[in-house]
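Trainee: So the protein sequences, as listed, match chains A and B.
Numbering-wise (the numbering used here), the first sequence opens with residue 134 and increments by one.
Numbering-wise (the numbering used here), the second sequence opens with residue 15 and increments by one.
The hints are simulated quantities; they were obtained by calculation from the structure and are not laboratory data.
Treat the numbers as computed from the prediction; the structure is a model and nothing was measured.
Ideal placement from N, C-alpha and C gives every residue a C-beta, glycine not left out.
Mixed in with the good hints there might be a few duds.
A few chain A residues that don't get close to chain B, going by computed Cβ distances all over 10 Å [to be verified]:
hint : residue
1    : Ser135
2    : Ser160
3    : Gly175
4    : Gly185
5    : Leu194
Here are some chain A residues pointing at chain B (derived, C-beta under 10 Å) [as the list claims (entries may be wrong)]:
hint : residue
6    : Ala147
7    : Gly149
8    : Glu195
9    : Pro231
10   : Gln235
11   : Phe237
Here is what each chain is made of, one letter per residue.
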Amino acid sequence: DSGVTQTPKHLITATGQRVTLRCSPRSGDLSVYWYQQSLDQGLQFLIQYYNGEERAKGNILERFSAQQFPDLHSELNLSSLELGDSALYFCASSVGGPGNEQFFGPGTRLTVL
Amino acid sequence: GIQVEQSPPDLILQEGANSTLRCNFSDSVNNLQWFHQNPWGQLINLFYIPSGTKQNGRLSATTVATERYSLLYISSSQTTDSGVYFCAVDYGNNRLAFGKGNQVVVIP
């Protein structure tokens with residue numbers, strides 16, 4: 134157990150809908166990261182937050198957004214869902230300094246029908 | 015962007031055999047991690063190894079940052095070692111770029 138928690142574990146929804154994925158980092162970690170794992174794109178970095186502020190962006194679509202709250206938990210919002218958004222979404226956390234080891238949660242498996 | 019290449023893509027091992035997985039990366043990096051993704055999809059941290067050599071039980075890893083590669087050694091493989099092994103490099107601002115993985119199957 135990495136200490137990173139994610140809810141829900143599974144999510145099934147329809148095209149055009151909006152969903153929210155939730156992540157709680159390990160105790161003491163200030164940075165939260167979101168990654169997407171799909172069959173065609175592999176594992177991709179989406180976005181990073183550090184102590185409530187956006188720190189880095191990767192291949193995150195305009196339809197996706199995230200935030201980190203004062204208690205350090207984070208949410209990833211996915212809207213206008215398409216079939217291609219079906220994937221495993223991981224949250225990771227780290228202490229926050231440069232080059233720190235990241236620890237991954239169990240993931241949320243999203244299926245868009 | 016940075017390229018991360020892992021080889022071999024697929025590997026079938028007899029239980030008890032040893033193997034070496036390789037990760038090449040195209041640019042200098044701040045950090046390198048090895049993960050094992052188990053059949054349930056969980057990413058398990060194996061090594062945090064920006065340089066040098068580390069050992070953990072039957073697994074060990076070596077990163078030669080100046081030559082832009084890392085190796086993961088599995089000795090005396092067991093069926094529980096099956097899964098996908100990922101190399102990930104920090105290419106700046108703690109963003110991890112992952113390779114496509116090494117799919118390992120250990121047969122009894």
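Trainee: To test your reading of the hints: which numbers does this structure violate?
Mentor: 1, 3, 6, 7 and 8
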